[in-house]
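Engineer: Given the coordinates of chain A, assemble chain B onto it according to the supplied hints.
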Amino acid sequence: MKTAVIVFPASNCDRDAATALEQATGTAPHMVWHGETEVPDADFIVLPGGFSYGDYLRSGAMAARSPIMADIIRKAEAGVPLLGVCNGFQVLTEAQLLPGALMRNAGLDFVCGMQTLQVVNDDTKFTGGLKGRSYVDFPVAHHDGNYEADEETLDRLEGEGRVVFRYVANPNGSARNIAGIVNEKGNVLGMMPHPERVISPILGGTDGAAFFKGIIEALN
Amino acid sequence: MKAKVHITLKNGVLDPQGKAIASALHGLGFDGVGEVRQGKVIELQVNETDEARAREQVEAMCKKLLANPVMENYTIELSA
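From first to last, the protein sequence lines are chains A and B.
Position 129 of the first sequence, counted from 1, bears residue number 129 in the working numbering, the numbering being contiguous throughout.
Position 57 of the second sequence, counted from 1, bears residue number 277 in the working numbering, the numbering being contiguous throughout.
Excised from the complex, chain A in its bound form (with noise of 0.2 angstroms):
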């Protein structure tokens, strides 16, 4: 099982996401630069949290057209798993490989802290280790989380079960409770909530071993 973690200027859960991969798989990840051209044969492609380029511009902008977007674009249309965490999240809205935007948050408080999301697709490539479960403990760390699509966008969002998480108790004001979508073809998963940060009892939690876990066993 081969696993890839980009890492761009001011990436900065990098390296908490190589920790949970390298624990799901055994294997420590590839850490890609943002500047290089191609990401090295993986089967599994993580775009981290973290301020990337300072939120210059809008939050994921500048790092959505970095050198190795390409590639990643790329492969994410020929069906390679993609997820993107908090900023990840930004840069593949940024990128339009999910649709919508991750604006200021509502309250305009930086959110910070545990929260309980609803499962609301256990049936996808992501949540085959959350089988079973309607309700999953991750934390969120994040300014610009609040997201933001047109009505038409959202109910077609619903309609085809690309709502894979919902808060119980929402932070930021975004539309209809999003935490986390998938896109149309299913291997392209954007959430803001952090489960790399959920992978050990002395990190508070670990519903995200189990989420990790999940994903390379439906690889495999």
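No wet-lab data here; the hints were simulated from the structure.
The reader is advised that the hints may include incorrect statements.
As the list claims (entries may be wrong) - Keeping only pairs whose Cα atoms sit at most 30 angstroms apart, straight-line, the calculated DSBU-like set for lysine-lysine is:
(1) A:Lys185 x B:Lys224
(2) A:Lys75 x A:Lys213
(3) A:Lys75 x B:Lys284
(4) A:Lys185 x B:Lys283
(5) B:Lys224 x B:Lys239
(6) A:Lys75 x B:Lys283
(7) B:Lys260 x A:Lys185
Structural biologist: Chain B only, in chain A's frame:
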């Protein structure tokens, strides 16, 4: 030429920063202030003397990077 790009949120897109500014202005006693919307201005120097070609280039920049069409509108002002 010089280009000035004005980027604003589309109508109907929630602007929490604009709301906070409005409430701060009300707190300062500017009771006549209604809705406030915050945007941004980007000034660019383009190596181009022909206005139509300059506009075409800046238009492409807006579409590719400067504005997010999901939530933002933009207008371009050109000057020599």
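Engineer: All hints, please: hold or fail.
Structural biologist: Going down the list of hints, with the structure as the test:
no.	hint	in the structure
1	A:Lys185 x B:Lys224	39 angstroms, violated
2	A:Lys75 x A:Lys213	22 angstroms, holds
3	A:Lys75 x B:Lys284	21 angstroms, holds
4	A:Lys185 x B:Lys283	25 angstroms, holds
5	B:Lys224 x B:Lys239	25 angstroms, holds
6	A:Lys75 x B:Lys283	23 angstroms, holds
7	B:Lys260 x A:Lys185	35 angstroms, violated
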